[in-house]
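Peer 1: What follows is the residue order along each chain.
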Amino acid sequence: MVDWVNLMVPFAYLGVLIGSLATFSSLYRKRKARKATSLEAWFPAHLQRDVYFSLLHLDPPAPASSKEKKPPAIPEGVLKAALLRRATEDIKRVMTLRSQKQALSMLLQRGSVGDDLWQRFLRAEKEMEDEVRDVVAEANAYVPNWGQTIFQSANEMMNNVIYRDRMEFHQSKVDEERQWWDKKKATIQDGFMKELDAESATAAPGASTTSSSSSPLLKKLDATATPTTGSSTPAVKTPDSSRVASSVPGSDDDAVLVEADEQAGSKKKKKGKK
Amino acid sequence: MATSDINIFNQHALHLDPTSKAISLHPSTTTHQSTTQTAAINAELQQLNLLHRALISLDPPNIPPPPLPVNPKRSAQINKLRDSANTAFRKDNYAEAARLYTYAIDMAMGRPGWEPVTLTREELAGLYANRAQAYMSQQAWPEGMLDAKCSVESKPMGNVKAWWRAARCLAEMGRWEESKNLIERGLEIEGKNSEGAKDLSTLLEEVEAGIKRSST
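As you go down the protein sequences, you meet chains A and B in turn. So the first sequence is numbered by full-length UniProt numbering: it starts at 1 and just counts up by one. So the second sequence is numbered by full-length UniProt numbering: it starts at 1 and just counts up by one.
One or more of the hints may lead you astray.
What follows is a set of in silico ranges between Cβ atoms, one per label pair, in the way DEER data are often shown [unchecked claim]:
{"hint": "1", "chain 1": "B", "residue 1": "E177", "chain 2": "A", "residue 2": "K35", "range": "36 to 44 Å"}
{"hint": "2", "chain 1": "A", "residue 1": "Y142", "chain 2": "B", "residue 2": "A43", "range": "21 to 29 Å"}
{"hint": "3", "chain 1": "B", "residue 1": "Q139", "chain 2": "A", "residue 2": "P75", "range": "50 to 58 Å"}
{"hint": "4", "chain 1": "B", "residue 1": "V70", "chain 2": "A", "residue 2": "A141", "range": "23 to 31 Å"}
{"hint": "5", "chain 1": "B", "residue 1": "N181", "chain 2": "A", "residue 2": "Y142", "range": "26 to 34 Å"}
{"hint": "6", "chain 1": "B", "residue 1": "T102", "chain 2": "A", "residue 2": "L39", "range": "13 to 21 Å"}
{"hint": "7", "chain 1": "B", "residue 1": "M157", "chain 2": "A", "residue 2": "P75", "range": "25 to 33 Å"}
{"hint": "8", "chain 1": "A", "residue 1": "D134", "chain 2": "B", "residue 2": "E188", "range": "41 to 49 Å"}
{"hint": "9", "chain 1": "A", "residue 1": "K35", "chain 2": "B", "residue 2": "T102", "range": "56 to 64 Å"}
{"hint": "10", "chain 1": "B", "residue 1": "Q46", "chain 2": "A", "residue 2": "K35", "range": "57 to 65 Å"}
To spell it out: a stretch of chain A is covered by chain B in this simulated footprint if at least three of its residues, at any positions, have a beta carbon under 8 Å from a beta carbon of chain B; those stretches are [unchecked claim]:
{"hint": "11", "stretch": "15-25"}
{"hint": "12", "stretch": "79-90"}
{"hint": "13", "stretch": "115-121"}
{"hint": "14", "stretch": "140-147"}
{"hint": "15", "stretch": "189-200"}
Here are the simulated lysine-lysine pairs, DSS-like style, with alpha carbons at most 25 Å apart [what the hints assert, rightly or not]:
{"hint": "16", "chain 1": "B", "residue 1": "K155", "chain 2": "A", "residue 2": "K185"}
{"hint": "17", "chain 1": "A", "residue 1": "K183", "chain 2": "A", "residue 2": "K173"}
{"hint": "18", "chain 1": "B", "residue 1": "K192", "chain 2": "B", "residue 2": "K155"}
{"hint": "19", "chain 1": "B", "residue 1": "K180", "chain 2": "A", "residue 2": "K185"}
{"hint": "20", "chain 1": "A", "residue 1": "K173", "chain 2": "A", "residue 2": "K184"}
{"hint": "21", "chain 1": "B", "residue 1": "K212", "chain 2": "B", "residue 2": "K198"}
{"hint": "22", "chain 1": "A", "residue 1": "K173", "chain 2": "B", "residue 2": "K180"}
{"hint": "23", "chain 1": "A", "residue 1": "K184", "chain 2": "B", "residue 2": "K192"}
{"hint": "24", "chain 1": "B", "residue 1": "K212", "chain 2": "A", "residue 2": "K173"}
{"hint": "25", "chain 1": "B", "residue 1": "K192", "chain 2": "A", "residue 2": "K173"}
{"hint": "26", "chain 1": "B", "residue 1": "K192", "chain 2": "B", "residue 2": "K180"}
{"hint": "27", "chain 1": "A", "residue 1": "K183", "chain 2": "B", "residue 2": "K180"}
{"hint": "28", "chain 1": "B", "residue 1": "K80", "chain 2": "A", "residue 2": "K92"}
{"hint": "29", "chain 1": "B", "residue 1": "K21", "chain 2": "A", "residue 2": "K184"}
{"hint": "30", "chain 1": "B", "residue 1": "K155", "chain 2": "B", "residue 2": "K80"}
{"hint": "31", "chain 1": "B", "residue 1": "K192", "chain 2": "B", "residue 2": "K161"}
{"hint": "32", "chain 1": "B", "residue 1": "K212", "chain 2": "A", "residue 2": "K183"}
{"hint": "33", "chain 1": "A", "residue 1": "K185", "chain 2": "A", "residue 2": "K173"}
{"hint": "34", "chain 1": "A", "residue 1": "K30", "chain 2": "A", "residue 2": "K126"}
{"hint": "35", "chain 1": "A", "residue 1": "K35", "chain 2": "A", "residue 2": "K173"}
It should be emphasised that the hints constitute simulated quantities derived from the structure, not laboratory data. Glycine included, every Cβ here is placed at the ideal spot set by N, Cα and C.
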């Protein structure tokens, strides 16, 4: 007679053991999978792709009561344009991934970054691979062999946008620069007037220093009045240098002279404004 | 695992204008999205509509042709404009020349995006350099400086003239330090033994003299 009760014990033991192991394993795997999916995506949402698919899935508005005219489907041109936009964004992302890969693997080797980051990166890479393949397939579906050139076109489009932005950035500063220069030109001219006034006002002794410096200034005034090249450069510069000199404490005599000049000049300026 | 599922996407409620075929965001959906998101989508849709219009103007099958060969029509127009601008410049009609160069630049800027960027760069480098010269002849230093900088950025190598013009404009405005930096960068890129490096070096001496004068 077999002792059923005693025989059950090992089986029950095995059952409990395997059952608990299975539960643990499935729980663990589930949690790991959840963690993997909850990892932050490498890139933000792919707007162009969303737009493209939204267009594809855009249901034509419910046909009006009269059935004679079907509401227009999305024209193919729009879809092509959307696909091209999508390809452009893909190029950007692929380039980013490519440039980041080396640095990231280096960091990973040194242990500077966690495994999570690497996982995210690998996932992004795989996604982009699928994405590119999908775009090529779609392009070929519209026009045979478009898939071979769509990324070339997209690449040029991206580069053109970058280049044009740079140019626009430069050209957008025109107004600012113009204003700055107008203001500066005005101060330079004021400087001339001051120097001229000062020269006529201080014909006093000790003015030997000023007279020596003001004679080139006279020439300079001529230089700005008539368009010149080359030789005008040093002349135009001088007002600036004289201003710098006035702020830097040089010899005492000079400083006093400059101060006097400035006072005379400011008086004249006020008169001039009235 | 659904980690790389290609079929997942965020649907946006889009709307097709039946007459103009322009795509826009459906007005009723703007409530449950943040304003920045909506703005981004709208900007994207605007770009999309522009591109769509550009594609419509192409020959069937309405896809951008491969980058090469280039459609010669636009290049011819740009060249024509440049030539007339050059003649105006030679006749000392600088304002007119600058205006014509501006047209040519706009035309070159208007090249469709899928045409090779290197070509655009090459063209615009020349046009900007020439317009800089036209502005400089009118003593419009700020405009000349910016144009020359654009030219230099479009084509840093083999563009000594543009380097020189940018530096000259800066020097004329009394911005010696900037001018000096620019010349040094230009010399670095062009190489000291290149054709126009001599001009740059003489300008550099002048600028250094200017710096000395302004600091004494």
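Peer 1: Which constraints among the numbered hints does this structure fail? Numbers only, ascending.
Peer 2: 1, 5, 6, 7, 10, 11, 13, 15, 16, 23, 24, 25, 28, 29, 35
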